[in-house]
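Peer 1: Protein chains in written order, with our numbering: chain A, 233 to 496; chain B, 58 to 463; chain C, 29 to 457.
Take the hints with a grain of salt, since some may be wrong.
Simulated crosslink set (SDA-like; lysine to any residue; CA at most 20 angstroms straight-line) [claimed, not checked]:
no., chain 1, residue 1, chain 2, residue 2
1, C, K197, B, R111
2, B, K178, A, G389
3, B, K398, B, A331
4, A, K284, C, V36
5, C, K53, C, I34
6, B, K176, A, R269
7, B, K161, A, G429
8, C, K210, C, Y353
Which bits of chain A does chain B cover? Going by a derived footprint, with three or more residues having C-beta under 8 angstroms, they are [stated by the list, open to error]:
no., region
9, 258–266
10, 373–384
11, 399–407
12, 412–424
13, 450–463
Heads up, incomplete: computed chain C residues facing chain A, CB under 10 angstroms, no partners named [claimed, not checked]:
no., residue
14, E45
15, R69
16, A156
17, Q164
18, S168
19, I188
20, K197
Hints listed in this document are in silico derivations from the structure and should not be mistaken for laboratory results.
Bear in mind that the values here come from a model prediction, so they are computed numbers and not experimental data.
Each residue gets a CB set at the ideal place from its N, CA and C atoms; glycine is no exception.
As a plain string of letters, each chain reads:
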Amino acid sequence: MAKKQKPKLAVWKFASCDGCQLSLLDCEDQLLPLTERIDIANFPEASRAVVKGPYDLSLVEGSISTPHDAERIHQVRRASKFLVTIGACATAGGIQALRNFIDVKDFISIVYATPAYIDTLKKSTPIAEHIRVDFELRGCPINKEQLVEVVSAFLQGRKPNVRPHSVCMECKRRGAVCVMVAHGTPCLGPVTHAGCGALCPAYHRGCYGCFGPMETPNTREMSAAWERLGVKQKDLVQIYRSFNAYAEPFYSESRIHESKIHQG
Amino acid sequence: MNFPLNRAMMAPRGSVTETALKVGTLRMLEGASLDRLFGALSKRGYRLLGPAVREGAIVFDEINSAADLPAGWTDEQEGGTYRLKKRSDDALFGYAVGPHSWKKFLHPPAERLWQADRKGKTFEVTEEKPDTQKTAFIGVRSCDLHAIAIQDKVFLNGYYVDPLYKARREHAFIVAVNCGQAGGTCFCVSMGAGPKAAAGFDLALTEVCEPERHYFVVEAGTDLGAEILAELPGREVEGREKAAAEDTVASAAQQMGRYMDTTNIKELLYQNYAHPRWDTVAARCLTCANCTMVCPTCFCTTVEDVTDLQGEHAERWQKWDSCFTKDFSYIHGGSIRATSKARYRQWMTHKLATWFDQFGTSGCVGCGRCITWCPVAIDITEEVRAIRQAPQSPKSSPVGDKYGNS
Amino acid sequence: MKAKSIKVDYLARVEGEGGLYIKVKDRQVVGFKLRIFEPPRFFEAFLRGRSFREAPDITARICGICPVAYQMSAVHAMENAFDVKVDGPLRALRRLLYCGEWIESHALHIYMLHAPDFLGYADAIQMARDHGDVVQQGLSLKKAGNELVALVGGREIHPINVRVGGFYKVPGKRELAPMAEKLKRARDVALETVRWTAKLRFPEFERDYLFVAMRHPDEYPFNEGHLVSNHGLDIAARDYEKHFAEEHVEHSHALHSVLRGAGPYFVGPMARYSLNFDRLSPLAQEAARQAGLGPVCRNPFQSIIVRSVETLYACDEALRIIDEYEMPESPAVEVQPRAGSGFGWSEAPRGTLYHRYRLDDQGVILDAKIVPPTSQNQKVIEQDLREFVPERLDLPADKLRWQCEQAIRNYDPCISCSTHFLKLEIDRE
Chain A
233 MAKKQKPKLA VWKFASCDGC QLSLLDCEDQ LLPLTERIDI ANFPEASRAV
283 VKGPYDLSLV EGSISTPHDA ERIHQVRRAS KFLVTIGACA TAGGIQALRN
333 FIDVKDFISI VYATPAYIDT LKKSTPIAEH IRVDFELRGC PINKEQLVEV
383 VSAFLQGRKP NVRPHSVCME CKRRGAVCVM VAHGTPCLGP VTHAGCGALC
433 PAYHRGCYGC FGPMETPNTR EMSAAWERLG VKQKDLVQIY RSFNAYAEPF
483 YSESRIHESK IHQG
Chain B
58 MNFPLNRAMM APRGSVTETA LKVGTLRMLE GASLDRLFGA LSKRGYRLLG
108 PAVREGAIVF DEINSAADLP AGWTDEQEGG TYRLKKRSDD ALFGYAVGPH
158 SWKKFLHPPA ERLWQADRKG KTFEVTEEKP DTQKTAFIGV RSCDLHAIAI
208 QDKVFLNGYY VDPLYKARRE HAFIVAVNCG QAGGTCFCVS MGAGPKAAAG
258 FDLALTEVCE PERHYFVVEA GTDLGAEILA ELPGREVEGR EKAAAEDTVA
308 SAAQQMGRYM DTTNIKELLY QNYAHPRWDT VAARCLTCAN CTMVCPTCFC
358 TTVEDVTDLQ GEHAERWQKW DSCFTKDFSY IHGGSIRATS KARYRQWMTH
408 KLATWFDQFG TSGCVGCGRC ITWCPVAIDI TEEVRAIRQA PQSPKSSPVG
458 DKYGNS
Chain C
29 MKAKSIKVDY LARVEGEGGL YIKVKDRQVV GFKLRIFEPP RFFEAFLRGR
79 SFREAPDITA RICGICPVAY QMSAVHAMEN AFDVKVDGPL RALRRLLYCG
129 EWIESHALHI YMLHAPDFLG YADAIQMARD HGDVVQQGLS LKKAGNELVA
179 LVGGREIHPI NVRVGGFYKV PGKRELAPMA EKLKRARDVA LETVRWTAKL
229 RFPEFERDYL FVAMRHPDEY PFNEGHLVSN HGLDIAARDY EKHFAEEHVE
279 HSHALHSVLR GAGPYFVGPM ARYSLNFDRL SPLAQEAARQ AGLGPVCRNP
329 FQSIIVRSVE TLYACDEALR IIDEYEMPES PAVEVQPRAG SGFGWSEAPR
379 GTLYHRYRLD DQGVILDAKI VPPTSQNQKV IEQDLREFVP ERLDLPADKL
429 RWQCEQAIRN YDPCISCSTH FLKLEIDRE
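All chains should be modelled from the sequences, with the hints used to inform the complete structure.
Peer 2: This is the structure we're talking about:
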């Protein structure tokens with residue numbers, strides 16, 4: 233059988249912490265087998281060698297927050313056949329999207345005495361606001377097993393087993409005790425996208441939503457349940473406003489509680 | 058309602074040996090002798106699974122002796138809350154059901170069905186071997202016995218039998234416990250599913266805690282149960298002891314925290330697909346699927362095919378799924394139950410109505426888990442009550458189709 | 029002689045985005061830019077108004093490579109502000125978690141980012157074709173570190189189990205036992221790593237650095253200690269800003285730190301090692317000696333050996349902690365917020381990481397300052413290159429460029445970290 237040309241993989245970085253692309257290097261057992269099936273053609277964090285595009289599979293980490301990046305992402309799209317965004321920065325704008333909630337000019341004048349030499353956009357936005365994205369893998373950070381699953385699925389031409397339901401289903405499947413019902417600990421699990429394996433509840437901690445909203449999140453009732461546990465409006469604003477702050481409906485829900493504070 | 062356990066479906070457990078005791082016999086076992094029962098089971102190769110305190114709840118886990126049981130603990134349950142509390146006595150079974158049900162062992166949350174390996178231009182499939190480990194379930198409540206009977210119908214009846222479930226079921230020894238107290242969300246009495254274990258067990262215990270004495274009244278439900286019971290240091294039960302055990306169960310029946318009127322419930326729900334109450338409950342529902350995960354009868358699964366990076370090896374995994382997800386009803390073009398209203402209605406109507414058509418019984422055993430473990434305290438008994446209080450007549454109901462998709 | 033320039037558009041095998049531009053005239057470096065174009069993310073700005081409880085989770089997101097370091101510095105600063113003392117097994121568990129991050133991060137750098145330079149490969153994957161066993165060994169070491177972080181912290185990247193006052197859940201002694209077996213194997217690999225890196229060929233290059241690192245009375249420094257230098261500095265965290273200043277330069281999105289009155293200084297494994305050799309375990313000291321390292325190392329290219337020695341130490345220390353561990357009764361000590369300022373630091377894999385917070389009486393953050401190791405090392409990197417390049421101008425351009433990259437990678441720079449606090453100019457949208 234003639235050896236087929238290996239598909240080419242590229243990893244791109246925008247505004248981010250590098251953690252999601254590190255997940256690829258964290259697949260210690262799969263990394264070398266992976267390179268037998270796929271050509272790591274452009275991955276600056278791992279290699280100084282760059283193979284020219286186009287790339288069969290592009291993994292995009294990070295959000296768009298500078299004019300330069302807003303241009304560059306289009307080049308990445310043009311060079312990519314199948315483009316997967318990885319992590320909360322790329323899928324929701326990341327924690328740096330907290331700037332999207334404030335008037336950046338006021339913010340700057342409060343925080344910084346001297347403006348410097350940097351171009352930045354007023355908002356940090358997800359990749360899909362700029363280009364067509366073929367698949368979004370959620371999480372801050374992504375789950376490395378899910379990353380391997382996405383790459384395996386791509387190589388086999390099948391749909392990845394990445395489900396958009398609640399964290400609760402993973403929590404119950406692993407047999408963890410519900411921290412909200414049994415301990416009265418506020419937990420975002422019911423409105424949060426699965427993928428982490430219900431990590432926080434297993435560590436006796438409420439979910440803080442790092443995988444962003446699940447497919448049909450009822451954040452209004454979630455907030456009402458949190459209020460019954462004694463959580464205040466200002467803390468409700470914060471809990472929705474973290475690593476997926478700019479993802480609907482976390483965005484709108486935090487706005488609702490913010491306006492409640494202002495109404496007194 | 059009656060839930061007969063179809064014992065004929067189960068393979069006979071070896072030859073019936075000559076025992077001194079018969080099925081139905083009651084014996085008195087001192088509390089301190091419970092470990093003798095566990096010893097007798099362990100000696101026969103049974104792995105013991107039973108209640109244990111973990112992470113602030115009573116869950117089912119591997120146990121080694123009576124010392125691992127939640128002595129002196131009870132639970133307080135209401136819609137959306139569960140708290141462990143200390144009892145005034147040292148009862149070993151003085152609580153209602155917790156977040157786990159026995160389906161986690163009989164119908165596990167994730168299991169591999171088969172794997173395949175590439176062999177040249179073709180591939181070779183290896184089916185998963187049934188698990189032949191003998192397991193003893195300690196402390197199965199009547200509601201859960203009924204739930205197991207319901208899952209037996211699902212997995213063992215008809216043409217398609219689940220061989221993995223069947224093997225686990227055949228190798229299970231069931232030590233039931235009659236409830237001495239009911240939880241705040243219990244309604245087994247309404248569903249005819251408790252609190253006394255009527256069938257489907259090998260041994261059934263009734264725990265009696267008196268100021269000076271702690272003992273069990275033990276009933277043999279099968280020959281194997283009787284054989285084991287005969288080995289234990291018990292004696293014939295005295296009238297006073299029998300009465301005390303009966304009182305215990307009777308008081309539990311009086312304590313039900315919830316009630317559901319099941320009169321014509323199937324027709325009631327069929328006639329109320331378009332009831333405004335579905336909108337009310339849908340507004341509250343998180344579609345988080347907790348109710349289906351904790352339900353001891355919910356059996357739905359999905360299958361996921363996974364492949365390795367080399368494309369040499371593939372596996373098919375079965376995982377608990379839920380009708381509260383969008384993918385669950387995904388067919389070409391989209392999810393046919395796109396709204397949470399459609400999903401909640403599907404779940405409740407299936408439990409209480411269509412289940413009869415499908416399996417000949419109710420799908421609800423009144424264990425109350427879906428009420429306790431719903432983060433926003435949606436209460437199935439309350440939902441039935443609301444519909445019953447203001448039912449819509451079949452004619453006025455602008456229903457879409459039989460399945461309620463308007 | 030005509031002017032010549034060395035340009036690396038995109039620095040590879042560093043965490044984050046940076047570039048290098050050097051201009052040489054008459055065998056002297058006349059223009060130097062270590063360009064960092066990693067977009068600024070403004071962590072210090074949006075920490076304002078957040079609860080102290082969120083600081084470990086939020087600051088972890090500054091860097092996916094060393095999130096534990098951010099969590100540790102954050103909790104220490106908060107505990108300093110609230111006068112909370114975390115001691116005994118909880119303190120030991122933090123140290124254990126940190127060992128995991130050091131092992132993971134150092135193994136990543138040694139094998140996947142730095143070693144390919146010495147052997148002439150573009151990356152570890154190409155290196156694996158000829159040195160498969162070596163790369164496998166590195167991956168196994170990295171995996172052990174990751175597993176330790178996941179065991180104590182919940183997951184490898186952005187662990188979820190760290191909180192001000194301790195943890196959310198602590199492992200039982202039995203849960204740690206299987207990890208000890210893995211760490212014993214990792215320790216063997218780490219020892220082998222020291223031997224292997226010692227055999228690499230190093231450019232002749234030594235400078236008389238101003239080393240700065242933490243120092244503790246009894247321990248090799250992770251979470252606690254004074255900041256000391258080889259020139260007599262010895263300060264507590266609250267005095268950091270009196271002694272150190274940050275400068276902003278035009279070509280970079282990162283600030284540069286200097287020690288007031290002394291200038292550029294060096295943080296990271298080589299500084300730590302040179303100031304704390306006597307605190308290493310006997311096994312690590314012996315391995316260092318056998319590798320030909322003295323108690324002070326001044327050749328930044330040999331930092332790969334130093335990292336290996338530290339990795340060996342981290343395995344050794346993790347095993348000691350697991351051996352002595354007794355599960356604490358409570359996973360965290362009680363924390364009562366109060367108004368004031370808190371100062372904290374810890375030794376991230378790449379060097380000292382300083383946090384300072386000002387808080388109100390509810391524990392809401394009013395002001396935050398974070399100084400990561402890479403921004404402290406930038407001036408030293410620049411000085412290294414100013415000295416390194418003129419002596420090597422006769423090398424072919426490709427080779428010289430590669431050696432310059434290698435000289436930067438000596439510092440394992442984490443550019444994502446160094447740019448989180450950039451000052452900025454508002455642009456259109």
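Peer 1: Confirm or reject each hint.
Peer 2: How the hints compare with the structure:
1. C/K197 x B/R111: It holds: about 13 angstroms lies between the C-alpha atoms, which stays within 20 angstroms.
2. B/K178 x A/G389: 18 angstroms, holds
3. B/K398 x B/A331: 10 angstroms, holds
4. A/K284 x C/V36: 17 angstroms, holds
5. C/K53 x C/I34: 12 angstroms, holds
6. B/K176 x A/R269: Holds, at roughly 18 angstroms.
7. B/K161 x A/G429: 17 angstroms, holds
8. C/K210 x C/Y353: Cα-Cα ~17 angstroms, so holds.
9. 258–266: Holds, because 3 residues of the region 258–266 of chain A bring their Cβ atoms closer than 8 angstroms to Cβ atoms of chain B.
10. 373–384: holds (count 4)
11. 399–407: Since three or more residues must qualify, the claim that chain B covers the region 399–407 of chain A holds, with 6 doing so at under 8 angstroms.
12. 412–424: With 9 residues close enough to chain B, the hint holds.
13. 450–463: holds (count 5)
14. E45: Cβ of C/E45 sits 6 angstroms from chain A, so the hint holds.
15. R69: 4 angstroms, holds
16. A156: Result: holds, 6 angstroms to nearest chain A Cβ.
17. Q164: Nearest chain A Cβ about 7 angstroms off; hint holds.
18. S168: Holds - the Cβ of C/S168 comes within 10 angstroms of chain A, reaching about 7 angstroms at its closest.
19. I188: 5 angstroms, holds
20. K197: This hint holds: C/K197 lies near chain A, its Cβ roughly 4 angstroms from the closest one there, short of 10 angstroms.
Of the numbered hints stated above, none is contradicted by the structure.
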